[in-house]
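Q: Here is what each chain is made of, one letter per residue.
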Amino acid sequence: MQKILLVEDNEMNRDMLSRRLQRRGYSVVNAEDGEKGLLLARSEAPDLILMDISLPAMDGWEVTRLLKANPSTCHIPIIALTAHAWVTDRDKAFEAGCDDYDTKPVEFGRLSEKIENLLTVRKL
Amino acid sequence: MILQNLSIKRKLTLITMLTSSLALILSSVSFLIYDLVSFRHLLTQDLMTQAEIIGYNSAGALEFKDEAAATATLSALTAKEDIVTAVLYRPDGKIFAHYFRGSTTLPSYLPSRLQDKGYRYVGGYLEVFHDVTLNGERVGTLFLQSNMRQWSMRARRYASILIVFVLVSGLFAFFVSSRLQGLISNPILHLEDTMRMVSTNKNYAVRAVKSYGDEIGRLIDGFNTMLSEIQQRDTALQSTNGELKTRTQELEEEIFHRKQTQEELLNAKHAAEEANRAKSTFLANMSHELRTPLNAIIGYSEMLEEETRDSGKIENVQDLRKIQASGKHLLSLINDVLDLSKIEAGKMVLHLESFEVSQVIEEMVTTLQPAAAKNGNSIHVHLADNVNMMRADITKVRQILFNLLSNACKFTDHGTVSVNVEQIKTADRDWIQFQVRDTGIGISAKQKENLFQEFAQADASIARKYGGTGLGLAITHRFVQLMKGRIWVESEPSQGAVFTVRLPAQVVTETSESAQPESAGKAPAASSETKTGLETILVIDDDPSVRDLMTRFLTKLDFHVVAAANGEEGIRLARQVRPLLITLDVVMPDCDGWTVLNRLKSDSQLAKIPVIMVTVVDNEAMGLDLGASNYLIKPVDRDRLAVLVEKHRVTRSSTITDDNPVPLSYVADRPAGSKTAGTRVSRTRRN
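Heads up: the protein sequence lines correspond to chains F and G, in order.
Everything in the first sequence is counted per the numbering used here, starting at 11 for the first residue and increasing by one.
Everything in the second sequence is counted per the numbering used here, starting at 31 for the first residue and increasing by one.
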């Protein structure tokens, strides 16, 4: 079973996304802030990380940069999730090292396609 | 010299006096001389007559040697005061008798010997010798001497009179000339005074008074005319000066006002910018705040729908779908508002890429098939043969087509929606034209007016019946404008509508259209790639048909082409756009290809740009020696050219990837209203 780490501070979104992902057959690990996300990324070694960008204290950009800078976690694909639709956010996501990007509210079909893509690439 | 500097007044007096005195003196002296000469002549005649008489009277006495009688005769001369000496000589020259006035002794000045008869003037005396004859025989000589006392007295008297006369007349002349010189000198002096007044006081209003109609009068007239003219000019000058001063003042005031206005405007602009920033921030935050709960609503309802369906409670599925649909509608509203605000804030940026037009059309038709089916419509597509690639912002093209097609489907009931795509050529560029035709309710002329305005649905009742934000066409319109295209509509009520969108086949952004001078200093690798992402190739050829062919060919290969008609222009453009590579002709007027190549290669900033020679001249060795990368002989083998330019592009791209990852083009979350291919996030690599 493939493991997804979901870093999301909003409880409802976390609950909903994790349940839907689980229904798709993924095992989901939840982190409600960046620091926990960092720890869990190391300890749980997930196959993919869904990263909310607007997090309290340490934001998603920062967490992504740290994860990508660490040799033990840099290979894990990260999909950034943000409510902002500005072009700069998109550029910022790739700059920080995200492998893909999606906006909230999540269109689940689209997101799961992206997840599937990245996991397939990784398998190859 | 002193005379010359005298005043005119003095000069005139002096001249008059001198002239008149000289004339007077001359005439008087000549008269005097004439008078004295004739008087002396008279005296001489008189003395000679006297001598004749005395000679006659004393002839007998001489004959008879009667001295006493002779002396007595001579003594009669006492009556004659002038005669100072009278002597009778005998023929042998001895003195016979004599008479001396006032003395008895023989005066020393007696002539020593007898002279010939006649008269002469000697030492202020008049002397006369007269032969005394008797019966025709000379018996002696008479000598008479006169002291001319009468004559000298007369001369003295005359001289005195003359002097007095000259003096008196001189005085008179002085008096008269001093009076009369004013006739000439006064006007001149007056003129001089006037002149001095004008030059000292700068008063051009004074005038010299004309006294007489002579030359001076005319001079004064001339002077006055001159003054009038100067005065006129002075007045004109002064009024112009005044005007100028007033104007300057006005201008200064205006400048001040403008500065003030400018400052106010600047402040207003800052305020507006500040407000706009606040608005943008507010919108960004709002969209975030709105999306988060929407996220939950849509997400949970979707999840519940899945779960409900799994558990077999089909009756709840419809309600859950309604929640979902409303949530998505709300989301599309938020997205539309956000799009518009982005356009208005100037934050909407074009992400240009090349894509297959047919693919996009196919995607859109597939996406909208459900919407069409909902109203019982069928979609027909006609794609012209000449349409293949276009370069534009694919997301926005998708959104434009989505909006037009979904509108067509929405407002048509059991009809046909047809999409017609073709390539159109106008004088300046190629266009891709999308035409969406429906058989729906149509649009009235009045409705057309506001069709592309924000929140202006054709009719309020329409909004109730068909839903929608009224932003779709406004956004479509803005997107088309952003890509420098055109959109228009032809429709009659209940006759259906035809929306036509014409977009450039090669959309360019403002920045790539005009080469930016600041990029000139950068490394060539960075500057030839315009913001559109296209690599630039510079074509230098004097033949317009070759330029045209090359431009078309290279554009098809997805290059941005800049063409130059001569060497100079070519070098200038090379500096300006820093192309990926240059194709260069050899035979050109003025500056031939060899020279251009030489200059390109000797310029440190341009030397690195590869040059492909494209020419009829068969001299590959020369080209390669001068630094050309490749040598093609006309007519050009297109396949070979394509391979060569691609090779250079590959070389360049690998350089880019090394130090700067190629940006990923990305399609944002558009539109969320339905499950569409257009909303799928895709990740593609350029080139």
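No wet-lab data here; the hints were simulated from the structure.
It is possible that part of the hints are untrue.
Said to hold, decoys possible - Straight-line alpha carbon distances no greater than 30 Å define the calculated DSSO-like cross-link-like pairs of lysine-lysine that follow: (1) K299/G <-> K309/G; (2) K638/G <-> K102/F; (3) K102/F <-> K309/G; (4) K275/G <-> K289/G; (5) K404/G <-> K478/G; (6) K586/G <-> K631/G; (7) K478/G <-> K102/F; (8) K309/G <-> K39/G; (9) K638/G <-> K586/G.
As the list claims (entries may be wrong) - One side of the interface only, derived from the structure: several residues of chain F facing chain G at Cβ under 8 Å: (10) N23; (11) R29; (12) V39; (13) K102.
Just so you know, these numbers come straight off a predicted model, no measurement behind them.
All residues carry an ideal CB built from backbone N, CA and C; glycine is no exception.
Q: Among all the numbered hints in the text so far, which are the ones the structure does not match?
A: 2, 7, 8, 12, 13
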